[in-house]
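Line by line, the protein sequences are chains A and B.
Numbering of the first sequence is given in this note's numbering, commencing with residue 26 and proceeding in unit increments.
Numbering of the second sequence is given in this note's numbering, commencing with residue 4 and proceeding in unit increments.
One or more hints might be untrue.
Said to hold, decoys possible - Covered stretches of chain A (chain B as the covering partner; in silico rule of three or more C-beta atoms under 8 Å from a C-beta of chain B):
1) 67 to 79
2) 88 to 97
3) 226 to 234
4) 310 to 324
Unchecked claim - BS3-like cross-link-like pairs, simulated, lysine-lysine; straight-line CA separation at most 27 Å:
5) A:K308 to A:K321
6) A:K169 to B:K187
7) B:K382 to A:K99
8) A:K127 to B:K50
9) A:K259 to A:K170
10) B:K384 to A:K127
11) B:K187 to A:K73
12) B:K303 to A:K169
13) B:K194 to B:K50
14) A:K85 to B:K386
15) B:K386 to A:K170
16) A:K170 to B:K194
17) A:K99 to B:K397
18) B:K201 to A:K170
These aren't lab readings, by the way, just hints derived from the structure by calculation.
In this text, a Cβ means the ideal position worked out from N, Cα and C, and glycines have one as well.
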Amino acid sequence: MAEEKKLVKVTIDNLTVEVEPGTTILEAARQIGGDIVPPTMCYYSTLKGSGGKCRTCLVKVAQGSAADPRPMPKLVASCRTAVMDGMVVENITNPAVLETRKAVTEFLLINHPLDCPVCDQAGECDLQDLSYGHGVDTSRLEFKKRTFELENLGPYIQLHMTRCIMCYRCVYVADQLTEQRLHGVLDRGDECRISTYISKAIDNDFSGNMIDVCPVGALTDRTFRFKNRVWFTKPMDAHRECSKCSGNVRLWMRGEEVFRVTGRKDQWNEVHDFICNECRFEKKKVSDWVIEGPTKVHRHSVISANKYQNLKTPKEFLPEVMGGRDPKMLMNIHKVSGVNDPEIDLSKIPGPATSKIFDKEES
Amino acid sequence: MARKLLLEKIGIEGIRYYDAYRKSGGYASVEKVLKTMSPDDVTNEVKKSGLRGRGGAGFPTGMKWGFLAKPQGVPRYLICNADESEPGTFKDRYLMEHIPHLLIEGLIVSSYAVGSNCTYIYIRGEFGWIVDILEQAIAEAKNNGWLGKNILGSGFDCEIYVHPGAGAYICGEETALLESLEGKRGNPRIKPPFPALKGLYDCPTVVNNVETLSAVVPIINYGSEEYAKIGIGKSAGTKLISACGNISKPGVYEIEMNISVEEFIYSDEYCGGIANGRRLKACVPGGSSVPILPANLLLKTAKGETRMMTYESLSDGGFITGSMLGSGGFIVYDEDQCIVRNTYSFSRFYRHESCGQCSPCREGTGWMKKILWNIETGKGKIKDIDLLFSIQSKIEGNTICPFGDAASWPVAAAIRHFRDEFEWHVTNAEEAQRRNYGLAGYAEPLKVAAS
Chain A
26 MAEEKKLVKV TIDNLTVEVE PGTTILEAAR QIGGDIVPPT MCYYSTLKGS
76 GGKCRTCLVK VAQGSAADPR PMPKLVASCR TAVMDGMVVE NITNPAVLET
126 RKAVTEFLLI NHPLDCPVCD QAGECDLQDL SYGHGVDTSR LEFKKRTFEL
176 ENLGPYIQLH MTRCIMCYRC VYVADQLTEQ RLHGVLDRGD ECRISTYISK
226 AIDNDFSGNM IDVCPVGALT DRTFRFKNRV WFTKPMDAHR ECSKCSGNVR
276 LWMRGEEVFR VTGRKDQWNE VHDFICNECR FEKKKVSDWV IEGPTKVHRH
326 SVISANKYQN LKTPKEFLPE VMGGRDPKML MNIHKVSGVN DPEIDLSKIP
376 GPATSKIFDK EES
Chain B
4 MARKLLLEKI GIEGIRYYDA YRKSGGYASV EKVLKTMSPD DVTNEVKKSG
54 LRGRGGAGFP TGMKWGFLAK PQGVPRYLIC NADESEPGTF KDRYLMEHIP
104 HLLIEGLIVS SYAVGSNCTY IYIRGEFGWI VDILEQAIAE AKNNGWLGKN
154 ILGSGFDCEI YVHPGAGAYI CGEETALLES LEGKRGNPRI KPPFPALKGL
204 YDCPTVVNNV ETLSAVVPII NYGSEEYAKI GIGKSAGTKL ISACGNISKP
254 GVYEIEMNIS VEEFIYSDEY CGGIANGRRL KACVPGGSSV PILPANLLLK
304 TAKGETRMMT YESLSDGGFI TGSMLGSGGF IVYDEDQCIV RNTYSFSRFY
354 RHESCGQCSP CREGTGWMKK ILWNIETGKG KIKDIDLLFS IQSKIEGNTI
404 CPFGDAASWP VAAAIRHFRD EFEWHVTNAE EAQRRNYGLA GYAEPLKVAA
454 S
């Protein structure tokens, strides 16, 4: 008979949880949930070897274990540090951790273009969340930001390297999901970049998953680029019979139209069932899918906004007060005013413009 | 004359080749070890000698070997870190160029101690000609039965391979070195697991510096007690110092770790004083990544004691008033040197060599370099100095490998000790383009002991 696994007790921000040995601090924190979960930019639970690079999940280990109660000298990356029995971890209760997280956010943002208004990832971007939570509203950088040329990785994926934060997730996807690795990291230091070296197209059935794992808008879906904002589309869980993948996807719809197909992300923005390119890029009709129902979206998410659910419209009161008549526009400003008249050149008028100038009968 | 252990035979003609090396008593330690000692005896001997890692961190070598996991049926590896790329450090190069057989001998003994049948020398790519020297030495040793199967009939097999890197400083970090040796991109690994548990190809691995492994030879030859007698306290034995900068006699010197910094700079046996009769302004005692010290803190510690060339004395006072012995790259600055320019030059190096894996180092090193360039070229502002200090404090300790610390320490120390000069560069931008700040008060004795 298998012996019951001994659980280890770990305390994170004064909340205690019992987890299996070998669990990381981050996973233990996720079991507790709530505000004490460290943010992650590079860690992805379904990708082996990911994590440890972005340094946003750094926490303080105030007590190493019950057996060895010494604190760890440096902040540790919670995504790659295994818990020990009796470990005491400080995350949001330690000001030094928050200070460091702020610093890391600043480092991540100094070369980020901050082009959220035109970025397809806006609304579901991890870096956006991080900078709202831990960023400052001014930049101390007084230099030109680093930029790269746009690169098309085949017909479906576009690489916008300027936005990249080098989390290496897409490299792990390429290593672990696909047979042939076609891209990786070139150069080093602040010039390093994701590339296919000689602008080769990435061509394999699961390449689209690197769009899903990208925490920022560096890898975007070319079939969805600039089509719509994330928060205008409505996520629906759907599935279909697929010979290559599980076929469990999320459709991003507006009305009857399917704008985008992605994998199903859990509450930590991680996909567990990776989907194939055919499901992702080619099945964009509602009739291709069996729709299971709307996705539950966290109520604080921008995606859940503007969905007109349980909408209460105020009562029309004007006909009532006007004795049953419909309200009529009192005056159409565009018909009356000549302000928009291109014939009148305001720069040539002596003195300030008055109503006389726009009086059509006089002119 | 101080005792020489590593460079004892450097004067013998043809010592680079096997015949001369063997005639002068070379490979005696291999004979002694393989015929009379067990691997654990060798490890204990190294432990007792107090030998500390000469690559920079100064971790006791015997202890490191002791940590090595020894599971059954799994090969163990010894790797010699010859990726010596720190600005100011060139001791390993000297050793490998002139007495390659000393390293080979040390490697055989160490391989025996840790049980490595396959030993690698990871050498930096720029040392192309040294690869040839080492390979020739390995071939000579092999022809004479010191390498290969069943060495001296002891049943111990050992092969040594030289593997050149591709010119990245980061590959001197032990886990990045392992990645590079495995044929991957040289990104440092996240520790734990440490290489002693999972190193090269996930097998237990020991990574040691060239000088450390060479120092095993005299320890075995003369005995650990004899070796431990040299030096002061925990800084046992001799150390190679590569002295450069504004001194009369730059070069590689072997010192016993019991002389003072003042003696090392001014005595004729070593550096021979500051060149051209100038005065000492500052010194980086252990390669570019250790904190720079002004003359007044270099010769005497903050407590007023004489600073010695030992691990402990040089780090006396922590990073506030001390520095580190590091890898022994001793860079001396005279009164005509500009600390701002020097700090910029170091920062430029670290920006160029950052691997770009973790965010603070990737973004921070480039930012620091740009700010320092502004200050150096007279476009700086006073608040840039504080900004610089703030950036470095946020890189330090928050990165995967010690590279982040190495990039931030020189900037931190330069601002801490030479803030006047930085401010002068900002306020007298135009003048700073024409002349240097000079010695100022950096050699004057400290008025108040720093707390």
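| request: Compare the distance between the alpha carbons of B:K187 and A:K73 with 27 Å, and conclude whether the hinted pair is satisfied. | output: holds, 17 Å
| Given the hint that B:K194 pairs with B:K50, does the C-alpha gap stay at or below 27 Å? | holds, 24 Å
| said: Check whether the Cα positions of A:K127 and B:K50 lie no farther apart than 27 Å. | reply: violated, 44 Å
| Under the criterion that the straight-line Cα-Cα distance not exceed 27 Å, is the pair B:K303, A:K169 satisfied? | violated, 44 Å
| Given the hint that B:K386 pairs with A:K170, does the C-alpha gap stay at or below 27 Å? | holds, 20 Å
| request: Take a quick look at whether A:K85 and B:K386 sit within 27 Å of each other, Cα to Cα. | output: violated, 30 Å
| message | Verify this for me: three or more residues of the stretch 88 to 97 of chain A with a beta carbon less than 8 Å from a beta carbon of chain B. | response | Since 0 is below three, the answer is violated.
| Given the proposed pairing of B:K384 with A:K127, does the C-alpha separation stay at or below 27 Å? | Given that 27 Å is the threshold and the Cα spacing comes to 24 Å, the pair holds.
| query | Is the hinted pair A:K308 and A:K321 satisfied, with a Cα-Cα distance of at most 27 Å? | reply | holds, 22 Å
| request: Given that the stretch 226 to 234 of chain A was listed as covered by chain B, double-check it with a C-beta distance under 8 Å for 3 or more residues. | output: violated (count 0)
| message | Cut-off 8 Å, C-beta pairs, minimum 3 residues; does the coverage of the stretch 67 to 79 of chain A by chain B stand? | response | Since 4 is at least three, the answer is holds.
| message | A:K99 and B:K397 were given as a pair; does the straight-line alpha-carbon distance stay at or below 27 Å? | response | holds, 12 Å
Hints 2, 3, 4, 6, 7, 8, 9, 12, 14, 16 and 18, counting from the list given before, are not met by this structure.
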